[in-house]
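**Q** Read off the chains here:
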Amino acid sequence: MTSALSIRSLRKVYDNGLEALTGIDLDVAEGDFFALLGPNGAGKSTAIGIICSLVRKTSGSISVFGIDIDRDFSQAKQYLGVVPQEFNFQQFEKVIDILVTQAGYYGLPRQLAEERSEKYLRQLGLWDKRDSRARMLSGGMKRRLMIARALVHEPRLLILDEPTAGVDIELRRATWQFLRDINARGVTIILTTHYLEEAENLCNRIAIIDRGRIVENTSTRQLLAKLSTETFVLDTREQLDAFPDLPGYTGRLVDSHSLEIDVEKSQSLNELFASLAKHNVHVLSMRNKTNRLEELFVSLVQAGADQAGGGTDGGRS
Amino acid sequence: MKARQQWVAFVTILTREVRRFTRIWLQTLLPPAITIVLYFVIFGTLIGPRIGAMAGHTYIDFVVPGLIMMSVITNSYSNVVSSFYGNKFQGSIEEILVSPVPNYVILLGFVFGGVARGIAVGAIVTLLSLLFTSLQLHHLAVILGMVLLTAILFSIAGLINAIFAESFDDISIIPTFVLTPLTYLGGVFYSIDMLPEFWQAVSRANPILYMVNAFRYGFLGTSDIPVSGAFLMVSAFIVLSYVYALHLLARGRRLRR
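Respectively, the protein sequence lines represent chains Y and F.
In terms of my numbering, the first sequence has 191 at position 191, counting the first letter as 1, and numbering is strictly consecutive.
In terms of my numbering, the second sequence has 54 at position 54, counting the first letter as 1, and numbering is strictly consecutive.
In short, the hints are calculated from the structure, not lab data.
A couple of the hints might just be wrong.
A few chain F residues facing chain Y, derived, Cβ under 10 Å [as the list claims (entries may be wrong)]:
(1) K2
(2) R4
(3) W7
(4) I13
(5) R16
(6) V18
(7) R19
(8) T22
(9) I24
(10) T28
(11) P31
(12) G91
(13) S99
(14) G145
Derived DSS-like pairs (lysine-lysine); straight-line CA-CA distance at most 25 Å [claimed, not checked]:
(15) Y:K142 to Y:K119
(16) Y:K226 to Y:K289
(17) Y:K94 to F:K88
(18) Y:K94 to Y:K142
(19) Y:K265 to Y:K289
(20) F:K88 to Y:K142
Computed list of chain Y residues with no C-beta within reach of chain F, every gap over 10 Å [as the list claims (entries may be wrong)]:
(21) G17
(22) R130
(23) A184
(24) S285
If you're wondering where the values come from, they're calculated on a predicted model, not measured in any experiment.
Beta carbons: idealized from backbone N, C-alpha and C, even for Gly.
Please put together the full structure from these sequences, using the hints given.
**A** Next comes the structure, spelled out in structure tokens:
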């Protein structure tokens, strides 16, 4: 399959000596929905900044759909759409003008620019706001405006930096659905996010970056398979005074009607329920205690910190 | 990016720039008109007759071309410096930087936005001057050529200022401490023949003197300096500043980290 993005030995050292990227390699296949995860200061924004030319690389190479950015950045940029984390449009411009102008930067003739602007404003529910000044939009609308702006030249690779940061759950889920639809139409998507649930729900591949290096890069399914233990919270019909004796399982009594039970990947939930039934404990409902990916993320980043001999890293921003 | 696409990108930037300064006309087009009317009233009608002839012309006839040129210089410069820095400040410059628009198209788009405002204000001021005097027309090509070159030069200068600027203070320092003194001492209000020889020589180091005098020549047919030399000098400055501005954009100075 064609590589939408290929990064080789990418290194970035800022003027203050900070090595933000230590020579990373990364491949994103065409059609992927790819998550780039990492703590603050890990190097995500630097990597994205280099891909879209806002940050200058120190060394290494990047190809977008086979086009080396050092040889023909102009053509590579035609394939790229970028949704930054911060609102970076002209606050005093009308919504429609922002899109038509952006299309013009990509050389789209005026009529086509207007057609595309209408298409994406309608798809993102902003058509009624087309004549409003951008600063008058709500936070969620501004974020959708940035997605529409990034799509107006119909890129093959869409990069989103924290696309749902600060938006309510309803809008977040609507955005997810929109991104799924875009991806289904063949647009490769890379997103960074702090919402690990977002990555787990949307992305078929996940890379974790920490301290400027890729510590994990695999499919979401394989990544989740690495979890050895899951903790479930069980709500019980009976009132409990203590955690029941369940051979092979550990856990805690949360309150008189709920238990927390750690289940190894090799253990069967059927056996767990059978053991509970022996104690006349009937389960009314069950849920994961924490986001599974979040647990894995923390353990991977922590392992990286331990390897680096630093433990927790209070020096990063 | 193909030539046709580059043209679209250029027109897009220019259109956005024109839309910006016409949207805020109360800040961009009206104030210079009011200021210049005050100049016409005070220096032309009230004080002018007491000053008498200047270089063989009534004072208002002498001073009008300089005042028009002063408006063009100030407005070309301030349009680009405030627009480009505003884009940097809001982050919206990234819209252009992530797109495939070549640096020279970015430069020309902003510069001709500045030229458009400079010439628009110049035209307004020229029309207003007709309320106070009947303008002579000695050489139209010199007038149009010099006003265009001057607007281009100061638009590029504004862009260079905006690239280096890191705060709103930085975009007012050059206009206040460099541009205004050079303009006021650039022969707008007097002929350098009035100055002692030493100060005449000092004045000849001021590039704005050449622009004002060449422009005045287009109206009155008189100039303190050779007009062809003025065109050569302004053209040379344009080439140098264009190359420098392009270099700054290519390096991404204060634009790309």
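**Q** Hint by hint, note whether the structure agrees.
**A** Structure-based check of all given hints:
1. K2: 7 Å, holds
2. R4: Result: holds, 7 Å to nearest chain Y Cβ.
3. W7: 8 Å, holds
4. I13: 8 Å, holds
5. R16: Check passed: Cβ of R16 of chain F comes within 5 Å of chain Y, closer than 10 Å.
6. V18: Interface hint status for V18 of chain F: violated (12 Å vs cutoff 10 Å).
7. R19: Holds: closest Cβ of chain Y sits about 7 Å from R19 of chain F, inside 10 Å.
8. T22: At about 13 Å, which exceeds the 10 Å cut-off, the nearest Cβ of chain Y leaves the hint on T22 of chain F violated.
9. I24: 8 Å, holds
10. T28: For T28 of chain F, the interface hint is violated, since the closest Cβ of chain Y sits about 13 Å away, which is over 10 Å.
11. P31: At 19 Å from the nearest chain Y Cβ, P31 of chain F fails the 10 Å test, so the hint is violated.
12. G91: 3 Å, holds
13. S99: 4 Å, holds
14. G145: 30 Å, violated
15. Y:K142 to Y:K119: 17 Å, holds
16. Y:K226 to Y:K289: Between K226 of chain Y and K289 of chain Y the Cα gap is close to 17 Å, so the pair holds against 25 Å.
17. Y:K94 to F:K88: Distance of about 19 Å is within 25 Å: holds.
18. Y:K94 to Y:K142: 12 Å, holds
19. Y:K265 to Y:K289: 15 Å, holds
20. F:K88 to Y:K142: Between K88 of chain F and K142 of chain Y the Cα gap is close to 19 Å, so the pair holds against 25 Å.
21. G17: Consistent with the label, G17 of chain Y stays out of reach of chain F, its closest Cβ about 14 Å off (over 10 Å).
22. R130: 15 Å, holds
23. A184: 25 Å, holds
24. S285: Holds: least Cβ distance 46 Å, greater than 10 Å.
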